[in-house]
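2 protein chains.
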Amino acid sequence: MKTDNANNENLAHIRHSFAHLLAAAILELYPDTLNTIGPAIENGFYYDFEFKSPLAETELSKIEKKMREILKTWKEFSHKEVSKDEAKKYFAHNPYKLELINEIEEKGEKITLYTSGNFTDLCRGGHADIKDMHSDAFTLFRIAGAYWRGDEKNKMLTRIYGLAFETKEELEVYKKQREEAEKRDHKKIGKELGLFVFSPLVGPGLPLWTPKGTLIRELLNDYVWELRKQKGYQKVTIPHITKKELYETSGHWAKYADDLFKIKTREDHLFAMKPMNCPHHTQIFDAEPRSYRDMPQRYAETTMVYRDEQSGELSGLSRVLSITQDDAHVFCRENQIEDEAMAIWDIIETFYGTFGFELKVRFSTHDPKQRENYLGSDETWAKAEGALENLMKKKGIEWIDGTGEAAFYGPKIDFITNDSLGRVLQVATIQLDFNQPKNFGLFCTNEKGEKEQVVMIHAAIMGSIERFMSTLIEHYAGIFPTWLCPTQIKVLPIGESEIEYAKKFTALLRESGIRAEIDESSETLGKKIRGAKTEKIPYLAVIGKKEVENDTVTLEARSGSLGALSQKDILEKLQIEIKEKK
Amino acid sequence: MKTDNANNENLAHIRHSFAHLLAAAILELYPDTLNTIGPAIENGFYYDFEFKSPLAETELSKIEKKMREILKTWKEFSHKEVSKDEAKKYFAHNPYKLELINEIEEKGEKITLYTSGNFTDLCRGGHADIKDMHSDAFTLFRIAGAYWRGDEKNKMLTRIYGLAFETKEELEVYKKQREEAEKRDHKKIGKELGLFVFSPLVGPGLPLWTPKGTLIRELLNDYVWELRKQKGYQKVTIPHITKKELYETSGHWAKYADDLFKIKTREDHLFAMKPMNCPHHTQIFDAEPRSYRDMPQRYAETTMVYRDEQSGELSGLSRVLSITQDDAHVFCRENQIEDEAMAIWDIIETFYGTFGFELKVRFSTHDPKQRENYLGSDETWAKAEGALENLMKKKGIEWIDGTGEAAFYGPKIDFITNDSLGRVLQVATIQLDFNQPKNFGLFCTNEKGEKEQVVMIHAAIMGSIERFMSTLIEHYAGIFPTWLCPTQIKVLPIGESEIEYAKKFTALLRESGIRAEIDESSETLGKKIRGAKTEKIPYLAVIGKKEVENDTVTLEARSGSLGALSQKDILEKLQIEIKEKK
Chain A
783 MKTDNANNEN LAHIRHSFAH LLAAAILELY PDTLNTIGPA IENGFYYDFE
833 FKSPLAETEL SKIEKKMREI LKTWKEFSHK EVSKDEAKKY FAHNPYKLEL
883 INEIEEKGEK ITLYTSGNFT DLCRGGHADI KDMHSDAFTL FRIAGAYWRG
933 DEKNKMLTRI YGLAFETKEE LEVYKKQREE AEKRDHKKIG KELGLFVFSP
983 LVGPGLPLWT PKGTLIRELL NDYVWELRKQ KGYQKVTIPH ITKKELYETS
1033 GHWAKYADDL FKIKTREDHL FAMKPMNCPH HTQIFDAEPR SYRDMPQRYA
1083 ETTMVYRDEQ SGELSGLSRV LSITQDDAHV FCRENQIEDE AMAIWDIIET
1133 FYGTFGFELK VRFSTHDPKQ RENYLGSDET WAKAEGALEN LMKKKGIEWI
1183 DGTGEAAFYG PKIDFITNDS LGRVLQVATI QLDFNQPKNF GLFCTNEKGE
1233 KEQVVMIHAA IMGSIERFMS TLIEHYAGIF PTWLCPTQIK VLPIGESEIE
1283 YAKKFTALLR ESGIRAEIDE SSETLGKKIR GAKTEKIPYL AVIGKKEVEN
1333 DTVTLEARSG SLGALSQKDI LEKLQIEIKE KK
Chain B
783 MKTDNANNEN LAHIRHSFAH LLAAAILELY PDTLNTIGPA IENGFYYDFE
833 FKSPLAETEL SKIEKKMREI LKTWKEFSHK EVSKDEAKKY FAHNPYKLEL
883 INEIEEKGEK ITLYTSGNFT DLCRGGHADI KDMHSDAFTL FRIAGAYWRG
933 DEKNKMLTRI YGLAFETKEE LEVYKKQREE AEKRDHKKIG KELGLFVFSP
983 LVGPGLPLWT PKGTLIRELL NDYVWELRKQ KGYQKVTIPH ITKKELYETS
1033 GHWAKYADDL FKIKTREDHL FAMKPMNCPH HTQIFDAEPR SYRDMPQRYA
1083 ETTMVYRDEQ SGELSGLSRV LSITQDDAHV FCRENQIEDE AMAIWDIIET
1133 FYGTFGFELK VRFSTHDPKQ RENYLGSDET WAKAEGALEN LMKKKGIEWI
1183 DGTGEAAFYG PKIDFITNDS LGRVLQVATI QLDFNQPKNF GLFCTNEKGE
1233 KEQVVMIHAA IMGSIERFMS TLIEHYAGIF PTWLCPTQIK VLPIGESEIE
1283 YAKKFTALLR ESGIRAEIDE SSETLGKKIR GAKTEKIPYL AVIGKKEVEN
1333 DTVTLEARSG SLGALSQKDI LEKLQIEIKE KK
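If you're matching them up, the sequences are chains A and B in order. For the first sequence, our numbering assigns the number 783 to the initial residue and increments by one for each residue that follows. For the second sequence, our numbering assigns the number 783 to the initial residue and increments by one for each residue that follows.
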C-alpha cells in the first residue's frame, strides 16, 4: 500500500532534513531535552526525544512555527568527519548519542556531524537543502510513545511525527487522501455497520463475525464457489490441525516453524494448527491410486488457517490470527497446466470485475541470488516459470517483474489492483508447484501405464476473506452494492394506518428472496429515514396514505427519489439488480 | 450403544465363570503358560496369558473343545480365604499373581481363591455356576496382544476373547447382529464409497473428507440450515481458538482443562482450541446493548470443535479429534423459552423423520447427590428444569428419566433413537442454560428500561456431523437415499453409436440439477452395471440402439428395472424424489 514513490531519493532527503529542523526547534524551545534519532519515513519523518516534562499535542503548532522561523536562517548542510573523542565531547550531555557513537566506532565506520544553521547532529548524511519554499510543504501531526531502539526494556521516549512533501499541493493532496482513508477505515465502518466485533476475552486478531458480517462473507464465498463449480471444482473438508510429520514432508516445518501455533497433546505428540491447506489436500489426492482418466482433480475449500503473528502487527481485519482462505488446489498433468490456469484466470477476472477492480499482473519468480530460500532443482524452477510465462504470453498481457516474490515451492502469477483510494493491493494468485507433489510422491498412471508425477496449482480467489472484506469495506466506504447488503430494502410506513399495507409488501419482497425489513416504530418519517441511512440501506420504501390509496410505494434510492412505483416494478427492479450483482 | 443389558448381573457372572473355564483349558493344553487376569466384558469375557510359544488363531477351536470337555466335570464354585503366604506359595511360579497378591495385601483386602473342578484362581468372586446347558452359549473368537495392566512399559501378553450368553439362541442372535454390524461398519463402507480418508501424516482421529463425503455433509448441513432459516436463525462465524480467559469466565476451564488442546503463543500467551462454541457466541451477543425488541437472537454456525482425546479411544468417525458441530445458540428472555424450544423441537422432528428415525425423549437433569459437578444455584436449576418439564408436558409426551445426565451448566432434553441394527443412539439435544448468561453478564433492557438477564438455549441438530455420518452410513448400509447420493444416476451407453444420445441426456439431467455421470468406457454393459452397483448409485440409465430409435431410456432402479421411459418422465421422477428427500 504505497501512496508515494519511495524511490524518490530527493524527497527522502527533504524529509530527513525536516527531522533535523524539528530537532533544532525542540532544542531551542525546550533546551533541556535530549534528542536521539530522526529518520525519513513514508510520507514524512519523525524524531524521538527525551523530554524533561511531558509534551502536549497542543504544542505542535508552536513547534511548527519555530521550525518555519529557523528554516529562514538555514542555507545548506555542511558536514565534517570527527574522531570518537571529539564526538563524545560534543555530545557529552546526551547518553543516547554516546551509545550511538560507541556503536559506530565498533563497526569501524566514520563518525560525521552535519550542521545547518546553528544545529549540529550526529548523522550519516542524506539531506537535501530545504528552503523557504518548503515552508508550507510540511506539518507536524502526531505524538506517540516509542521505546529507545524499539526495545520495551528501554526508556519510553516521545516521538513526534511530521508529514513532508516537495510542494504544498502534494501535502494537501496527501492530507485529503488521508482524511478520506480515515473516513473509510474498515475498523470504523465495520463497527458502525455491526459486521464484526473483537472480544478482550477471546483476544486480539480473532474477529467474531456478526449475522450481518457473516451474510456478506457467505455471499462473497458463494459467488466464488458458483464460478468454480462451473469449472468442475469439488469441495473437500479437512481439520485445522495435523501431526508435525505432514509439514516435515511438505517442507513447511523447516521454513515456517516459528509462525505455527503448536500444540502438545495429552499424549505428548506435537501437533500444529494449519497455516495453509495444501499439505492436507495432497493427502486426499494421495489416498487413492489415480489414473490419467481421473485427472485433473480440483479441490476447493473455504476454511480458516492460523498464523502465530506478533500482537503488535495485528490490525483490524487486515492482519489477523484466524485467516479464512477461499482456497483451491488443482492436481493435474503437465499438459493440463495451461487449461487449468486459464480457467482460474477467468474466475479471477470475472470475480474482481464484478467490483470494478482493474487487475494488473506480476510474474513472481524465484531469486537465483537467494537460491537457498527455495525448494527443488533449477530444472524444476525453469520448467514451472516457463509454463507460467507461456501462459501470460498466450494471454497477451504485459506483466510487472516480481523476481524474488515466488512462494518457496514455486512461481506465481500475482494479481494486483488499486482500490478507490489509489492504494496498491495484491489480491488473487495462481501458483505453480512441482515441489510438493515431489515431496509427497503424488502420481497418476499415464496412458502407457507408467507412474507420472503430477503438478499442483494453488488458486485462492479472495485469498484471505478477512483482508478482502477490509478492502471491500474501504473500497465502498461501507456503501455496499445491493446484492451484498444485509438489508436490501427497508419499508417505512408513515403512520399506523399504513402498517398493514407495509407488512404485506414486506412479506412479498421476502418471498421473492429479497432481504427486506420493516420499521413499525412510532417514530417520525424523518427519524426512520435517518436510521436507515446510518445503516447504509440501498432502498427505502416509503408508504403513506396516498401510496395505500393508489396501491404504490415511493422508492428512495441512494441517488435520490425514484417516485411512486407499483409493487411489481420495485420487485423486478431489485431482483434484476441483485441477479446482476450490482 | 449398548447391545445387551449390562445390568444383568447373572449374565456378567456367567461370563466371568467362562473366563475361569478358559484359563483351566489353557493350563491343561499348555501347562507352562502363566495365567494373569480374566474379567467379564460386554457380550463375553477375556483372559490374558503369557504363553511360552505364540498361539495361533487356528488353535481356538481346540481350546473351545477342551473348555466343553472340562465344563462337564464342573459343578460349582467353592472359595476360601487364604493368608498372603498361603497364596504366595500357591502361585509361587507366577510373578503376575504374586504382584496382584502383594497389591491386595497392601490395600488390606482379603485374599480369596476360587475353585471349580481342578482349577483354582486368585479371584474376588462374582461367578455363576455354568453347566452343560451353557456349553453352546459361548464361543472364542479373537486373539489380541495386550500389555500387562495396559501399560506399554510392561510385557505384551496374549488376550483371548470369548462371547458368552445365557442361551445358544442369544449367542446366535448376537453373532448375526455382529455380522450385520460388520457388513454395515461405516469405516468399511466409507472406504468403499470413498467418502473420507485418514492419513498417517495428519494423524488418527482427523478425517479428511473427499469430494463425495463433503457433498453428503453439505447436503445434510444445508437441510438443517433450511429448517433453521424458517425459524429466524442467522449464521455467525467465530475462530477456532481463544485466550484462556474466555473459558475461565464460562467455567469450562475449571471443568475441562484436560480435554482442551492448548497453545502457547510466541509471545507466551496461553490459548486453547475451542471444544464448544457457546462462550464465543456469547461475545457476539454481548458486543452490543440489546433491547427487548432485539430478542431473541438466534445464532447458528457449523464449525469444527477440538477435543484432546486419548488415541486409544479414537474410532472411525464415531470418536474423532476434529468434530464438526451444526451448533446453534438462542439468546432469549425467560418468557420466550417455550416458543424457542418448541421451534427447535419441530426442526429435530422434521430432520430425523426424514431418515425414518423414531425419537424418544430423555429428560436429563442434575444429580442433587453430586451437586459439586454443576454450576449455579439450586434456584436456577429448579427454574431451568421446571421450564423444560413444562415444555414436555405441553408437548404431551412421555420421557425417560435422565437424572445426572445434565450438562454442567443446565438441564437438557435429549433425543434418543434406535438405528436399523436396534442400537440405541443419542442424537439431538435442547439444553437450557441460565448459568453462562450469568457468568458472562448477558442482559437485555426490558420494557421498563431495566436490565434483565437473558437465557441461552443450546440446540445442535445433528450434533457431531462425523458421528451422524457414521450413524447414517450404518443405518443405510451405504445405500443412501437418492437426494444424498454423490452420483444420482449413471448413464450407460451400450455401444459407441449411443454415446452421442447418452451425452445429451446426461447434459439434460445436469442442467436440471441432477448429479448425473456417464460411463463412456468401452467395457461391456454387464461390467458397467457392476461398477455402478459397487458405487451404490440409485439409478442406471441404459441406452442401446432401441432406446435411441424410440427416444427413450431404460431405467434400472435399486428395486429392479422400471422399463423404457421418456427422458422427461425420468427427469420428473428424479426431481420429485430429490425434492422430497427420498
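Quick caveat, the hints were computed from the structure, so don't treat them as lab data. Among the hints, a few may not be true.
No distinction is drawn between identical chains; accordingly, a pair holds when it is met within one copy or between any pair of copies.
[Stated by the list, open to error] Calculated lysine-lysine pairs in the DSS-like style (CA-CA distance at most 27 Å, straight line): (1) 1315 <-> 1177; (2) 1044 <-> 1026; (3) 848 <-> 1363; (4) 1177 <-> 1025; (5) 1011 <-> 1364; (6) 1011 <-> 1363; (7) 1286 <-> 1017; (8) 1328 <-> 1037; (9) 1017 <-> 973; (10) 857 <-> 1233; (11) 1230 <-> 1309; (12) 1017 <-> 970; (13) 1361 <-> 1013; (14) 1175 <-> 1328; (15) 994 <-> 1017; (16) 973 <-> 1220; (17) 913 <-> 848; (18) 1142 <-> 973.
* To do: Could you tell me which of the numbered hints above are not met by this structure, giving the numbers in increasing order?
  => 1, 3, 4, 8, 10, 14, 18
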